[in-house]
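Engineer: Those protein sequence lines, which keep their order, are chains B, A, U and G.
Residue numbers are given in the working numbering: position 174 of the first sequence equals residue 174, and the series is strictly consecutive.
Residue numbers are given in the working numbering: position 145 of the second sequence equals residue 145, and the series is strictly consecutive.
Residue numbers are given in the working numbering: position 107 of the third sequence equals residue 107, and the series is strictly consecutive.
Residue numbers are given in the working numbering: position 58 of the fourth sequence equals residue 58, and the series is strictly consecutive.
Mixed in with the good hints there might be a few duds.
The list treats identical chains as interchangeable, and a pair is accepted whether it falls inside one copy or across any two copies.
To be verified - Here are the simulated SDA-like cross-link-like pairs (lysine to any residue), alpha carbons at most 20 Å apart as the crow flies:
#, residue 1, residue 2
1, Lys186, Glu158
2, Lys99, Ala25
3, Lys146, Glu24
4, Lys42, Ala25
5, Lys186, Phe113
6, Lys111, Val156
7, Lys186, Gln93
8, Lys42, Val156
9, Lys167, Gly109
10, Lys146, Ala25
11, Lys185, Thr87
12, Lys167, Leu79
13, Lys56, Ala170
14, Lys167, Asn78
15, Lys56, Leu121
16, Lys111, Ala73
17, Lys185, Glu158
18, Lys146, Leu182
19, Lys42, Lys146
20, Lys146, Leu28
No lab work stands behind these hints: they were computed from the structure.
Keep in mind that this is a model prediction, so the values were computed, not measured.
Listed below, chain by chain, are the residues.
Protein chains: 4
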Amino acid sequence: MTLKNTCLAVLSLALLSVHANAKEAPVLNTNITEADIEAAQKAWGAALIQISTDYKEGGFDKAKATADAVLDAAYGYNLGPVLFKPTLTVAPQTFRPTKEGALAYFVGGNKDFPDDSGFALKGWTKYEFENSAIHITADLALTLGKVRITNDKGEVTEVDKTWGFKKDDAGNLRIVLHHSSLPYKK
Amino acid sequence: MTLKNTCLAVLSLALLSVHANAKEAPVLNTNITEADIEAAQKAWGAALIQISTDYKEGGFDKAKATADAVLDAAYGYNLGPVLFKPTLTVAPQTFRPTKEGALAYFVGGNKDFPDDSGFALKGWTKYEFENSAIHITADLALTLGKVRITNDKGEVTEVDKTWGFKKDDAGNLRIVLHHSSLPYKK
Amino acid sequence: MTLKNTCLAVLSLALLSVHANAKEAPVLNTNITEADIEAAQKAWGAALIQISTDYKEGGFDKAKATADAVLDAAYGYNLGPVLFKPTLTVAPQTFRPTKEGALAYFVGGNKDFPDDSGFALKGWTKYEFENSAIHITADLALTLGKVRITNDKGEVTEVDKTWGFKKDDAGNLRIVLHHSSLPYKK
Amino acid sequence: MTLKNTCLAVLSLALLSVHANAKEAPVLNTNITEADIEAAQKAWGAALIQISTDYKEGGFDKAKATADAVLDAAYGYNLGPVLFKPTLTVAPQTFRPTKEGALAYFVGGNKDFPDDSGFALKGWTKYEFENSAIHITADLALTLGKVRITNDKGEVTEVDKTWGFKKDDAGNLRIVLHHSSLPYKK
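This is chain B alone, in the form it adopts within the complex (with noise of 0.2 Å):
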């Protein structure tokens, strides 16, 4: 019997005198799970559409506390840098490591940011995301896939979108990374 035999005769051993009650100690687990994901990628749209819903119902200012709102409580710029490539972003300000960029961004009206024109005040009424993979390491998962947004036309919009969701000390996710782009038309 070789040693590796050995050991693996050993691993498998049946454990007939063992008696476990690990699951009754109290556990602290930090790391991120599926379903927060699935919640925090459901929350994202949600928060798209109540912007849009708010800015209908209650104009620019009542839309820009509720954006205002969402990112601080689903992205992490209170935890520093947010490597953030929104969809219709351009050069020289393609990235949004700010939240006053990516505030900008979504509901414009921001004179340092010249060429936004608020992308959650489009009239989003309906939302579908399809994951193509999904990474989870420590409190940070990234996703990757298809994101899907209708507005009140009709019309629909798809878009190529990576998530990297941080899960911080209070049990909140918040996004870290966000990277969104048109698909590649041949």
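Assemble the complex: chain B is given as a structure, and chains A, U and G must be docked to it using the hints.
Structural biologist: Below, chains A, U and G alone, put in the same frame as chain B:
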């Protein structure tokens, strides 16, 4: 409505228009699980009993070969130094950061570790553990609790034991921390 | 003095009686570093240029062998699905979670991926990257930025690129996320 | 040339055409560092001495307030159960997963923990630690080594001590594991 409340409302919105299929996407998750931990704790006890059994049935060489295989399979000496404080070691060899020192502790017979008499050779026949609490971060799990082992004369030894288990790329748990101590006597 | 102030005082106490030698102890640190990231980003560009060079000098088979080796060494397909959205792919094969799909994108010549013409064969001679921001969690690093590649006619292609690099047990970085997109045109 | 050699050649290629500026991008890195660990180990000893000093100078209430503040600032009871096996505790209260149990150990005076006489009140004036090895995974660091503390009579107590330090979102290290034991006596 405050910004905070707006935000909470957004995140708890009923999501009638969101269609999710996150669960269908393939997931790579490198984190450790509670099931992993329980299996590893059971395997440690089974390995200890196996070494004792092999010593009785096959003598020192067989027991040493088994112990060597267990250290290769279940400890993290291949990754780097292991934080190992066995129950019965004394200064200046209290800690056993190398595999050689760990093997000496389990089976003795190494003149460089003259105080080691072979902890795993002492006729162990039964093992049970009782966790006080478990901590999980990334691919690392920490457990603290009581371990009780019984020898072939029916004598029970109880120790306070901390383990740190690391899940490697292949999905195997490896002990990277092992602090064992006899209970304090007033 | 409040409890908080007491606490701060405790933690900032001048520690004249403390003797530390933490630095002398061996350390096993599995986390990824900024130096790791920079090396991996450079290696990606070098590999792209190498595939182009091998194609010119040795033809398709040589280029394919190099691309295959690069995927084995620098991507995480051995770990599980990779979140890969190449620059020029189209639905329904936008994403390439398997190595086969990635290889088809880089060198073409696979009838199961009829839209792939071999991105890495297009005479690339120069590469540079400019990070917008970097996020590091555990053994995983995320980068977002501009990548510019130049072909043998001097034409420059600029893409917005996200990478996720995972450090494996052997200390090698592997790409587990790669989202590349052409800049949005207004 | 084998595929493996091709691959190694690719990755070791001289990268004359690559221009990197990775270091200029802002970086969010949530991992723990060796400097973090050394500071936390020093702070623990300083806190112990401070509690003893406060007891001598300000009596039980002052010492208890300091101990309470230390537990809030330097332990992870706010995150969940802590894996704490103090040096001198006995069954059935060997482990102290809650803050109340930890405070009772440090200062005594809690009728629910009748065996606790106040470990931190025993006139400690000097502290030093000597690490055997350190393990770092993500935002968690494990240390194992000797800790020696000296009281106001010049008597030295040596313990074998494992710590697990977790870096929280705010960048503070918190003890989530603490196993302390008197050296084994033959």
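Engineer: The structure should be examined with respect to each hint, and the outcome stated for every one.
Structural biologist: The hints, checked one at a time:
no. : hint             : verdict
1   : Lys186 to Glu158 : both (16 Å within a copy, 17 Å between copies)
2   : Lys99 to Ala25   : between (41 Å within a copy, 17 Å between copies)
3   : Lys146 to Glu24  : between (41 Å within a copy, 13 Å between copies)
4   : Lys42 to Ala25   : between (33 Å within a copy, 15 Å between copies)
5   : Lys186 to Phe113 : between (30 Å within a copy, 15 Å between copies)
6   : Lys111 to Val156 : neither (29 Å within a copy, 31 Å between copies)
7   : Lys186 to Gln93  : between (26 Å within a copy, 13 Å between copies)
8   : Lys42 to Val156  : within (18 Å within a copy, 38 Å between copies)
9   : Lys167 to Gly109 : neither (31 Å within a copy, 39 Å between copies)
10  : Lys146 to Ala25  : between (41 Å within a copy, 12 Å between copies)
11  : Lys185 to Thr87  : both (15 Å within a copy, 10 Å between copies)
12  : Lys167 to Leu79  : both (11 Å within a copy, 13 Å between copies)
13  : Lys56 to Ala170  : neither (33 Å within a copy, 38 Å between copies)
14  : Lys167 to Asn78  : both (13 Å within a copy, 16 Å between copies)
15  : Lys56 to Leu121  : within (8 Å within a copy, 50 Å between copies)
16  : Lys111 to Ala73  : neither (25 Å within a copy, 43 Å between copies)
17  : Lys185 to Glu158 : both (12 Å within a copy, 16 Å between copies)
18  : Lys146 to Leu182 : both (10 Å within a copy, 17 Å between copies)
19  : Lys42 to Lys146  : within (13 Å within a copy, 29 Å between copies)
20  : Lys146 to Leu28  : between (34 Å within a copy, 18 Å between copies)
In terms of the numbered hints stated before, the structure departs from hints 6, 9, 13 and 16, listed from lowest to highest.
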